[in-house]
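Participant: Given next are the chains, with one letter for each unit.
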Amino acid sequence: MSGESTVMPPRKLHDADVVYLYDGSFEGFLCCVFESFAQHEIPFAVWTPQRETATLYPVRDIETDSSRAQRVFSALGRKLGRETEYLVSRDFLSGQEDKELLLIRFLHLAFALGPGTVKRMGHPDVAPLYEMKKSLDWEVDKFQGFVRFEEHDGMLGAVIHPKNYILPLLRGHFCSRFPEENFMIYDAVHQAVLLYQEHKAQLLELAAPLELPPPSAREQEFQALWKQFYDTLEIKARHNEKGRMTHCPKRFWQDMVEMR
Amino acid sequence: MEQSLMDKLTILADSAKYDVACTSSGASHPAKRGTIGSCYAPGCCHAFTADGRCVSLLKVLMSNCCAFDCSYCVNRKSNDVPRATFSPRELAELTIEFYRRNYIEGLFLSSAVLGTPDYTTERMLTVLRLLRNEYHFGGYIHAKTIPGTSPELIQQMGYLADRLSVNVELPSEQSLHLLAPDKGRHSIFRPMKQISVAGEESRQELTLYRHAPKFAPAGQSTQMIVGASPETDYHILQLSEGMYQKYGLKRVFYSAYIPVSDDTRLPALDTKPPLLREHRLYQADWLLRFYQFKADEILDKDNQSFNPYLDPKCNWAVQHYGLFPVDVNRAPFEMLLRVPGIGPKSARRIRDARRLSSLGLDELKRMGVVLKRAQYFITCRGFSGAHPGRGSAGRERITRTLIDPNVFSAGAEQLSMFAPPAVDRLVEQGVPPRAAQRMVREEAVQCLARAL
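From first to last, the protein sequence lines are chains E and F.
The first sequence begins at 0 in numbering that gives the first Met the number 0 and counts up one residue at a time.
The second sequence begins at 0 in numbering that gives the first Met the number 0 and counts up one residue at a time.
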């Protein structure tokens with residue numbers, strides 16, 4: 000090095016009093032990660048326009064730049080391994096408020112310690128990721144069973160109210176189940192639709208809420224048969240309301256035809 | 000008189016509901032183009048009934064018109080109940096329509112003996128062929144073999160269904176002879192053996208030819224009734240272990256006997272189903288399958304029944320208290336599995352994480368170890384095992400944390416589903432449920448502490 004001290008001493012990772020604001024997309028999030036690493040800082044919070052509230056902290060707009068996002072994503076796979084890449088991209092679908100912050104904290108740790116970091120499940124910065132994944136997997140697992148389709152002119156339609164944004168995770172399951180059907184699953188919480196038509200699946204964001212038409216007579220007949228089957232199955236001598244509630248909490252009931 | 004589909008469904012679902020198995024696990028494949036229905040290896044529950052059981056398959060009987068007269072069964076010949084029979088087309092169509100609406104994962108087809116076992120099976124085969132060949136249904140099918148069916152038909156069934164099952168029904172030959180005179184021991188174990196052999200052959204063929212037909216890819220299961228006959232828990236568990244080893248069963252299901260007739264050979268009609276016993280059997284069954292336990296370690300000739308107050312794993316730990324505490328950072332995996340409060344998942348997490356850094360209490364807690372129970376059985380970084388205190392007070396503290404909370408989780412009015420017999424007796428004498436529970440619990444704590 001030359002005598003001039005143009006090279007700054009390495010900056011230490013620190014908590015910064017700043018709020019990141021990004022567009023809510025995965026690419027946008029990767030740009031937040033980029034920013035956080037570039038500035039060696041962990042922001043106070045990461046918000047999307049929907050979650051924006053009044054704050055005294057300065058808000059920094061993080062622009063979505065796909066080349067930056069690509070850089071972060073490829074580093075993720077290359078330096079930290081497939082397992083980390085999978086965990087991070089899956090957890091991003093979680094509905095938890097502070098998921099971005101938890102992920103950023105984890106990534107700082109992981110890039111410092113290397114690809115084995117995902118296995119440190121007891122570490123305070125790693126454990127929350129598994130918590131999120133658990134709640135996400137649980138919900139996906141439940142909805143694979145609890146989605147109820149109704150037939151409208153040959154098209155199957157269903158409405159769900161999930162806490163996490165699980166449509167991308169339901170896509171594989173339902174597309175490989177009904178390859179010859181046309182169906183749609185409407186996520187009323189996140190205003191999105193999974194549409195599968197003529198062997199092609201699409202994820203669409205909706206501007207306005209969607210309303211399914213009332214069921215036809217034939218549809219009502221099958222719903223009645225199913226309800227009857229469901230009610231018949233109970234063994235009265237073993238009644239266990241608590242057991243049912245643990246396996247199928249009330250928040251699912253509004254979309255299940257036999258529970259309404 | 001023509002029965003409507005609704006009537007038939009009601010009658011035939013009602014007759015089938017005492018069959019416990021309703022799992023859709025073990026087979027995995029996506030639907031091909033032009034077909035409908037996939038299988039998902041972990042299985043999928045589509046609804047939960049008011050008794051907390053999972054509904055995964057359309058579980059119905061083909062027919063409940065039975066030629067046999069097994070005294071423990073609602074569908075026995077001599078019982079006066081409404082009878083119905085599905086036509087194959089009707090049932091296949093119902094399955095497909097339910098499946099399309101994502102109500103079910105597939106079909107669970109069983110039947111009463113309609114005329115002869117072979118005729119019944121032929122009829123069931125018609126349904127399966129319709130589903131597989133005409134509707135191109137690729138979802139899960141669990142078919143029950145009818146005792147006394149000829150081996151050729153069972154073979155055909157295996158190539159159409161994902162899972163087959165043969166019910167053991169009762170845990171010993173004497174009971175079978177007494178209560179189900181039409182079903183001999185051979186009519187049960189012969190098909191079981193045939194299925195296990197055919198499945199093994201098919202798996203070998205599959206390694207050679209990728210497109211070889213699959214014989215019951217999700218294996219076979221069985222079920223038996225607990226509490227209708229005098230066998231002990233030890234006997235039942237030995238039988239299960241034997242079947243797991245000999246026939247490679249995927250599951251053994253246990254069903255607490257619910258009185259259905261006033262036959263003098265059976266428990267009286269007002270007997271409560273032995274739910275606690277069934278619960279303990281499932282816990283022990285889990286220990287056999289996922290915790291590397293042997294049946295002999297769980298129960299032995301001198302202790303033939305389960306401890307009502309401790310789950311089998313805690314019971315083992317209490318009896319082998321001298322082997323503890325174990326060091327979480329060094330103990331072999333098998334030993335980790337035996338610590339109360341550590342399950343297979345957290346044991347695997349510990350095994351992976353301890354390679355990277357030594358573990359302390361905080362890490363264990365975040366990994367999902369239940370420290371309340373584990374604390375007296377482990378040591379780890381910065382923790383040399385909890386000290387319960389000296390003498391009987393200390394021992395009581397340990398047993399208090401181990402005692403099974405499910406057994407004593409009653410409200411003021413109602414007893415727990417798993418209330419032990421001692422509590423039941425006190426309640427019958429007029430003691431309020433809560434007080435009865437507290438009394439029995441205290442007594443159990445002290446009694447267990449003395450044995451520790």
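Hints should not be assumed to be uniformly reliable.
Straight-line C-alpha distance at most 27 Å; calculated BS3-like pairs for lysine-lysine [unchecked claim]:
#	chain 1	residue 1	chain 2	residue 2
1	F	K344	E	K241
2	E	K162	F	K192
3	E	K133	F	K344
4	F	K213	E	K132
5	F	K364	E	K98
6	E	K133	F	K371
7	F	K76	E	K132
8	F	K371	E	K235
9	E	K118	F	K192
10	F	K271	E	K235
11	E	K241	F	K76
12	E	K118	F	K371
13	F	K344	F	K76
14	F	K249	F	K16
15	E	K162	F	K16
16	E	K133	E	K118
17	E	K199	E	K241
18	E	K241	E	K132
19	E	K141	F	K271
20	F	K364	E	K133
21	F	K364	E	K199
22	E	K78	E	K98
23	F	K16	E	K249
24	F	K245	E	K132
25	F	K31	F	K245
26	E	K78	E	K162
27	F	K192	E	K98
28	E	K11	E	K98
29	E	K141	F	K249
30	F	K16	E	K241
31	E	K199	E	K141
32	F	K192	E	K235
33	E	K141	F	K344
34	E	K241	F	K371
35	E	K141	F	K192
36	F	K213	E	K226
37	E	K235	E	K133
38	E	K118	F	K213
39	F	K271	F	K192
40	E	K249	E	K235
Hints are computed from structural coordinates only; laboratory data are not their basis.
Participant: Hint by hint, say whether it matches the structure.
Facilitator: Results for each hint:
Simply put, K344/F and K241/E have alpha-carbon atoms about 25 Å apart, close enough for the 27 Å limit, and the pair holds. Under the criterion of a C-alpha separation no larger than 27 Å, the hint pairing K162/E with K192/F is inconsistent with the structure, at around 47 Å. A hinted pair counts as satisfied when its Cα atoms are at most 27 Å apart, and K133/E with K344/F qualifies at roughly 12 Å. For the proposed pair K213/F and K132/E, the alpha carbon gap of about 35 Å is over 27 Å, so the pair is violated.
Taken as a hint, the K364/F and K98/E pair is honoured in the structure, with Cα atoms around 21 Å apart against an allowance of 27 Å. A distance of roughly 22 Å separates the Cα atoms of K133/E and K371/F; the hinted pair therefore holds under the 27 Å criterion. With a CA separation close to 52 Å, the supplied pair K76/F and K132/E exceeds the 27 Å bound. Between K371/F and K235/E, the direct Cα distance comes to roughly 35 Å. Violation of the 27 Å bound is thereby established for this hinted pair.
Between K118/E and K192/F, the direct Cα distance comes to roughly 43 Å. Violation of the 27 Å bound is thereby established for this hinted pair. With a CA separation close to 12 Å, the supplied pair K271/F and K235/E stays within the 27 Å bound. For the proposed pair K241/E and K76/F, the alpha carbon gap of about 36 Å is over 27 Å, so the pair is violated. A C-alpha spacing of about 24 Å is found between K118/E and K371/F, which places the hinted pair at or below 27 Å, so the restraint holds.
Proposed proximity of K344/F and K76/F is contradicted: the alpha carbons are some 48 Å apart, above 27 Å. Among the hinted pairs, K249/F with K16/F is consistent with the structure: their alpha-carbon atoms are about 21 Å apart, no more than 27 Å. Using a Cα cut-off of 27 Å, the hinted pair K162/E and K16/F is violated, with the two alpha carbons roughly 33 Å apart. A hinted pair counts as satisfied when its Cα atoms are at most 27 Å apart, and K133/E with K118/E qualifies at roughly 15 Å.
Among the hinted pairs, K199/E with K241/E is inconsistent with the structure: their alpha-carbon atoms are about 41 Å apart, more than 27 Å. Among the hinted pairs, K241/E with K132/E is consistent with the structure: their alpha-carbon atoms are about 25 Å apart, no more than 27 Å. Note on K141/E and K271/F: the hinted pairing is violated, with a Cα-Cα distance of about 32 Å set against a maximum of 27 Å. In summary, the hint linking K364/F to K133/E is supported, as the alpha carbons are separated by about 16 Å, within the 27 Å threshold.
With a C-alpha separation of about 45 Å, the suggested pairing of K364/F with K199/E is violated against the 27 Å cut-off. A C-alpha spacing of about 22 Å is found between K78/E and K98/E, which places the hinted pair at or below 27 Å, so the restraint holds. Under the criterion of a C-alpha separation no larger than 27 Å, the hint pairing K16/F with K249/E is consistent with the structure, at around 24 Å. As the CA atoms of K245/F and K132/E are separated by approximately 39 Å, the hinted pair breaks the 27 Å bound.
Between K31/F and K245/F the alpha-carbon distance is near 35 Å, which puts this suggested pair outside the 27 Å criterion. For a cut-off of 27 Å, the pair hint linking K78/E to K162/E is broken: about 32 Å separates their Cα positions. Using a Cα cut-off of 27 Å, the hinted pair K192/F and K98/E is violated, with the two alpha carbons roughly 53 Å apart. Taking the CA atoms of K11/E and K98/E, the gap is about 23 Å. The hint holds against a cut of 27 Å.
Under the criterion of a C-alpha separation no larger than 27 Å, the hint pairing K141/E with K249/F is consistent with the structure, at around 23 Å. Straight-line distance between C-alpha atoms of K16/F and K241/E comes to about 20 Å, which keeps the hinted pair within the 27 Å bound. Among the hinted pairs, K199/E with K141/E is consistent with the structure: their alpha-carbon atoms are about 24 Å apart, no more than 27 Å. A distance of roughly 36 Å separates the Cα atoms of K192/F and K235/E; the hinted pair therefore is violated under the 27 Å criterion.
A hinted pair counts as satisfied when its Cα atoms are at most 27 Å apart, and K141/E with K344/F qualifies at roughly 20 Å. Annotation: proposed proximity of K241/E to K371/F holds, straight-line Cα distance about 24 Å (limit 27 Å). Restraint check for K141/E and K192/F: the C-alpha separation of about 36 Å exceeds 27 Å, so the hint is violated. Distance restraint check for K213/F and K226/E: the Cα-Cα separation of roughly 34 Å exceeds the 27 Å cut-off, and the hinted pair is therefore not satisfied.
Note on K235/E and K133/E: the hinted pairing is violated, with a Cα-Cα distance of about 33 Å set against a maximum of 27 Å. For the hint pairing K118/E with K213/F, the CA-to-CA distance comes to about 37 Å; that exceeds 27 Å, so the pair is violated. A hinted pair counts as satisfied when its Cα atoms are at most 27 Å apart, and K271/F with K192/F does not qualify at roughly 35 Å. About 21 Å separates the Cα atoms of K249/E and K235/E, which keeps this hinted pair within 27 Å; it holds.
The earlier numbered hints that this structure contradicts are 2, 4, 7, 8, 9, 11, 13, 15, 17, 19, 21, 24, 25, 26, 27, 32, 35, 36, 37, 38 and 39.
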